[in-house]
Amino acid sequence: MAIEIPKRLEDLPTSAPRWVGRRVERKEDAALLTGRTQFIEDVVLPGMLHCAILRSPFPHARIAKLDATDAEAQPGVVAVVTGEDALRWSQPAASAPEGWGTHCLASSLVRFVGEPVAAVAATSRYVAEDALERIVVDYDPLDPIANPFAAMEEGSPLVIEEKGTNVMMQRLFTWGAVDEAFAKAAHVFTEKFRWNRVGANPTETFGAICEWDPMSLDLTVYGSIQAASFFALGRAATFGLPSNKVNVKSQPHGGSFGGKGGTRGTDIACLLSRKAGGRPVKWIEDRMEYLTSGGSQAWDRHYEVSLAVDADAQATGLRVKLVDDLGATGEGYAAISAAKPLAAFTGPYTIPVAEYDLTLVATNKLPAFPYRGFGPPPHFFVLEQMMDIAARDLDIDPAEFRRRNFIPSDQFPYTIPSGNEYDSGSYEEVLDKALALAGYADLRAKQAEAREEGRIVGIGVASAIEPGVFDWNAYRTVGVPGIGVPEGATVSIDILGMITVRVGFSLEGQGQYTLASQLVADYFGTDIAAVRVVQLDTQSAPPSFGPGGSRLGVAITGAVLGACERIREKMSAVTAVLMQTEPDKIQLLDGKFAVVGMPGAEMSVAEVAGTMLARSDLLPPGIDPRPEATHVWTAAGRTEPDDQGRAKSYLTAAQAVHVVMVEIDRDTGVVEILKYCLADDCGTRLNPLIVQGQTEGSVAQGIGAALFEEYVYDEDAQPLTATFMDYLIPTINEIPPTEQTEVVTPSPFTPLGAKGCGEGAIHTTPAAVMCAVNDALAPLGTMAREVPAAPNRVWNLIRATQG
Amino acid sequence: MKPAPFEYLAPTTIGEAITALQEFDGEAKLLAGGQSLMPMLNMRLARPGLVVDLGRVQDLDYIRESDGHLAIGAMTTKRTLERSPLVQNRQPLLHAATVSIGHPQIRNRGTIGGSMAQADPAAEYPATAVALEATLRVIGPTGDRIVPAEDFFVTYLTTALEPGEVLTEVTVPMFEAKTGWGFSEISRRHGDFAMAGAAVTLSLDAAGCCAEPRIALFGVGPTPVRPRGAEDAVRGEQPSDLLCQNAGRQVSEEIDEPLSDVHASADYRRNLAGVMARQALSDAMARATAGRGGRA
Amino acid sequence: MTQMRPIRLTVNGVAYEAPVEPRTTLADFLRADLELTGTHLGCEHGVCGICTVLVDGQAVRSCLMLAVQADGANLMTVEGLAGPDGKLHPIQQAFVEEHGLQCGFCTPGFLIAIYELLENNPSPSEAEILDVLGGQICRCTGYQSILRAVHSAAAKLGAVRSGTAQESA
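Keeping their order, the protein sequence lines are chains Z, U and P.
Following the working numbering, the numbering of the first sequence begins with 32 at its first residue and continues without gaps.
Following the working numbering, the numbering of the second sequence begins with 58 at its first residue and continues without gaps.
Following the working numbering, the numbering of the third sequence begins with 492 at its first residue and continues without gaps.
Check before you lean on any hint, since a few could be wrong.
Below, in silico cross-link-like pairs of lysine-lysine (BS3-like), each with a Cα-Cα straight-line distance of 27 Å or less [to be verified]:
no., chain 1, residue 1, chain 2, residue 2
1, Z, K616, Z, K38
2, Z, K601, P, K578
3, Z, K464, Z, K706
4, Z, K58, P, K647
5, Z, K464, Z, K477
6, Z, K306, Z, K96
Calculated directly from the structure, the hints in this document are not laboratory data.
All chains should be modelled from the sequences, with the hints used to inform the complete structure.
In structure tokens:
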């Protein structure tokens with residue numbers, strides 16, 4: 032029977048929500064604060080061994096010889112694996128685009144510094160690292176391919192010989208009459224930009240414990256895993272196992288942000304477990320491994336962008352040419368980050384036509400992986416710089432220029448040229464609130480004063496779309512199949528009325544167990560403390576993807592409320608029988624099933640549940656006696672991409688405006704953020720405390736990306752950023768206080784009108800900071816085209832203007 | 058990232074420590090606060106066969122006043138130095154350098170002797186010692202010697218310590234009321250190693266002109282750098298902004314081969330050194346002018 | 492194989508005695524030998540502060556100490572903060588109320604560093620707070636809520652000291 036999932040808070044069966052929509056403290060916190068939560072590095076299994084991995088010091092080389100005999104003989108070493116074992120027992124990694132994956136251990140050729148060539152399982156990590164030093168490897172270095180443009184040239188050495196090219200994908204998307212728009216535009220602005228590699232760096236690196244059962248030939252993987260079922264499928268494919276013979280038990284993990292990685296290390300630990308006769312093997316990636324060889328790097332990009340603007344200051348066309356250096360393989364699915372921009376290609380603007388010239392290139396650098404935002408952050412950086420370039424040229428205030436180009440609020444749902452549909456929005460209102468919060472006119476006055484004093488001060492006003500609730504069809508253009516991302520939850524009420532929610536994902540910081548509890552507590556009129564959330568492993572859980580693409584808050588709301596609706600239906604039917612009336616006369620409100628129009632004729636949820644489970648004599652034959660249901664939610668109305676990749680993909684479009692003021696020190700090039708204000712609209716806020724946290728956290732990551740974080744490679748594809756002294760994660764002293772305000776424009780398409788918000792401000796912050804930097808530099812006649820705007824770079828720009 | 062195996066000793070006297078270093082057949086390393094050595098051990102960049110822990114050696118943790126100087130035991134932690142009223146009041150340059158080092162959590166363990174012996178080009182203490190013309194007491198198999206700071210730092214991560222020798226004490230002058238000082242550094246994040254920095258002392262003579270200017274730069278060369286040309290340019294001149302600017306420019310020109318890394322190119326470092334020197338000189342002149350050698 | 496050394500130390504009020512290899516870090520000893528896994532590893536080179544524990548009253552990076560150096564010492568780890576009945580320490584309670592944690596992996600290190608700060612300096616200045624917090628890395632929160640939690644914790648502890656604290660729910 033079709034069920035109706037509540038679309039607004041008012042539709043919940045409660046006269047006033049006590050939990051949903053409120054700043055509810057998280058249930059997860061007590062265990063985390065007392066150190067009781069078991070992260071993967073805390074898990075100990077009987078007979079467990081510890082893995083260490085030997086890695087290539089060369090970006091490109093043949094393995095001439097590998098001898099692990101001495102390592103095998105070391106006391107404490109139980110198993111050693113090399114590329115031979117990987118060839119014998121595993122398949123090349125799945126990848127996007129398809130066919131660009133390699134085995135987890137190199138056998139004849141290494142293709143990036145840090146690529147695994149051998150691994151050891153021993154009684155401790157200390158002993159395992161000792162054993163690595165006894166493995167002898169002779170390499171014949173080959174010419175490294177360090178630059179994507181060189182990689183594209185005729186005669187370049189090839190990263191993967193069999194592919195015959197270093198170009199993983201080359202495609203031109205044309206959406207509308209682009210040539211015409213540019214030909215007749217009053218102004219065309221063109222610029223090039225460079226975005227350097229940055230990445231997730233959760234405080235917990237990847238870790239897994241793999242247990243290969245030699246008798247039943249199945250695999251159990253514990254780990255710090257963001258998308259457990261996806262990960263399980265990947266392992267099944269790698270080892271040629273039936274998909275129901277891999278069980279993944281994901282631990283609560285220390286952040287993920289998309290870039291946890293870990294597939295290679297997991298596969299290596301599986302091989303070791305197999306070689307060690309089925310003993311569990313634990314691999315904990317250390318930080319240097321993560322930075323140089325893990326899922327740590329993303330967005331190595333060269334952009335050329337053109338914006339067409341008509342005489343009325345309307346942007347009429349956008350061309351983006353992107354060369355994206357994905358590193359040695361596609362195993363990280365980083366290609367997706369080049370496809371995702373289609374979901375919000377033209378940002379919050381009415382730009383009617385667009386073109387995307389996309390080239391994905393392989394080089395001998397670390398394979399790129401996802402990072403929060405998954406592609407749009409650099410895209411919005413370039414789009415927002417172009418908007419400012421246009422505004423400056425036309426002598427229009429950048430806030431006003433954006434206002435004139437915003438999609439008006441009465442035009443939603445709005446389909447953008449690249450095919451996705453934005454659900455709702457109030458962009459002007461968000462702009463006004465951001466400007467008011469910032470005291471914009473006042474800031475401009477302060478800027479003018481500062482400029483009189485010879486100071487270099489800039490203000491950036493940037494707006495971006497923060498797409499939410501991803502669908503696989505957004506990535507079809509890079510070879511990822513499928514439509515629909517099911518998320519299931521089972522809600523069950525026990526004989527005493529206590530409620531349990533069973534889900535298939537582990538926590539990584541966004542508090543979805545608290546959210547699920549809030550929903551159930553308000554639905555059934557109980558206290559949040561009476562609700563328990565239990566995580567199931569992949570073999571027991573309903574279909575589940577888990578967090579990613581700003582989907583889980585919305586998806587789990589749909590799944591939980593769907594299950595609640597199904598239970599309500601059953602319990603209403605039971606109540607009707609007990610009350611000798613029809614089911615349509617029964618209403619659930621504030622924890623009671625009551626007969627409409629008969630005050631006093633009611634039963635509590637606990638009473639009905641207890642009756643269902645303990646009084647079979649009172650129930651009519653055939654009625655389902657369980658106060659329990661499972662519902663699997665996925666976004667409705669997603670479509671098959673057409674030949675230009677157009678599809679309804681990401682379900683929601685949150686939007687934000689950020690206003691940032693910076694000062695640049697003329698002598699040192701240091702950019703200091705003087706003020707940071709933002710207004711954002713992510714629809715109904717199911718737990719505003721959590722939303723605020725996501726915003727503050729993503730602003731910090733955005734500032735890191737704009738000003739501090741960069742993975743540096745030398746000309747020979749050697750990584751130069753190997754420790755936290757080199758890769759600079761901002762501390763509190765680098766992040767200014769953030770002033771936030773909000774607008775709430777519910778989504779018409781989602782449960783309770785919420786929009787995805789987990790990736791949040793990372794879409795907007797780098798653009799906003801760089802807009803401020805370039806506003807500061809504009810009077811000097813220069814521009815920062817490269818991210819991050821590190822002091823050395825900015826100083827070089829200023830010095831160049833001094834002749 | 059786990060250390061390679063090593064033997065370990067925790068002697069209780071200097072003599073034992075020296076004997077242990079001498080008698081060990083292989084590479085031995087001294088462990089002070091561990092904030093520099095431990096990362097190197099964890100990364101297996103350092104692989105000594107023996108670690109001699111100075112943490113239990115008696116009487117290496119002190120700050121003693123004597124004859125216009127402060128004698129500081131090598132194992133005195135930066136935390137102790139930071140909180141010492143004596144250092145705050147009578148050696149404010151050392152205090153300023155101390156609070157620039159890392160964070161309290163690092164300063165709880167890091168020691169003055171460890172920093173000096175580590176001789177990291179970007180560290181605050183070696184340059185401060187050079188600016189103060191500090192002396193370092195070294196005890197070894199052949200006896201006890203005093204090494205001027207200027208001679209102690211030989212090159213990148215290398216000091217005048219011979220095998221078997223232990224740095225036991227650092228002696229710095231106490232400032233008089235008239236001593237001007239300045240300390241400026243610039244790093245990517247608060248608490249990081251500096252990209253460049255300057256420690257400056259000077260005073261004013263009877264005519265109000267700069268006397269005994271000492272500029273020690275860090276982060277720009279393998280060891281602290283004293284830009285003598287810039288010092289000469291400052292000596293005998295009236296304090297002024299222009300003087301500081303010119304001196305800063307001179308510093309930039311004088312630096313030989315600045316280090317280059319992912320955070321700062323050689324050129325940029327050269328520039329930063331000049332800016333830091335200019336700022337530190339300016340502060341020093343202001344303090345000297347105000348006649349207060351203590352904390353501003 | 493190097494000589495194992497016996498060490499004795501007290502952690503969270505409990506006395507322990509164990510043999511250790513000299514190269515074993517204090518962090519690994521606490522986590523593996525004493526099974527106190529609340530202290531986590533973030534970088535193992537002293538930058539992130541996630542492994543911070545209290546040694547003789549001082550917050551230190553346990554990845555930068557050898558277990559043998561803790562012989563005779565009195566330690567506190569995150570497991571020692573809450574009361575034996577599970578009642579959260581005021582600093583922990585402040586973190587709950589201010590949403591000062593998301594994934595929670597870095598949190599134990601922050602709690603210990605803040606504990607030392609407020610024990611020694613019940614009314615720290617903003618600069619003093621930022622100096623301590625600056626030595627701890629968080630990737631989730633963006634730090635604003637942690638700062639709010641420190642202010643709240645200072646107020647709560649002040650109330651405890653002056654006897655005006657309310658029992659929390």
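Status of each hint after checking the structure:
Proximity of K616/Z to K38/Z is assessed by CA-CA distance (about 22 Å); at most 27 Å being required, the pair is judged to hold. For a cut-off of 27 Å, the pair hint linking K601/Z to K578/P is broken: about 40 Å separates their Cα positions. Distance hint between K464/Z and K706/Z is fulfilled; the C-alpha atoms sit about 15 Å from each other, no more than 27 Å. Of the supplied pair hints, the one linking K58/Z and K647/P holds, its CA atoms being roughly 21 Å apart against a limit of 27 Å.
At roughly 20 Å between alpha-carbon atoms, K464/Z and K477/Z fall within 27 Å of each other, so this suggested pair holds. In summary, the hint linking K306/Z to K96/Z is supported, as the alpha carbons are separated by about 21 Å, within the 27 Å threshold.
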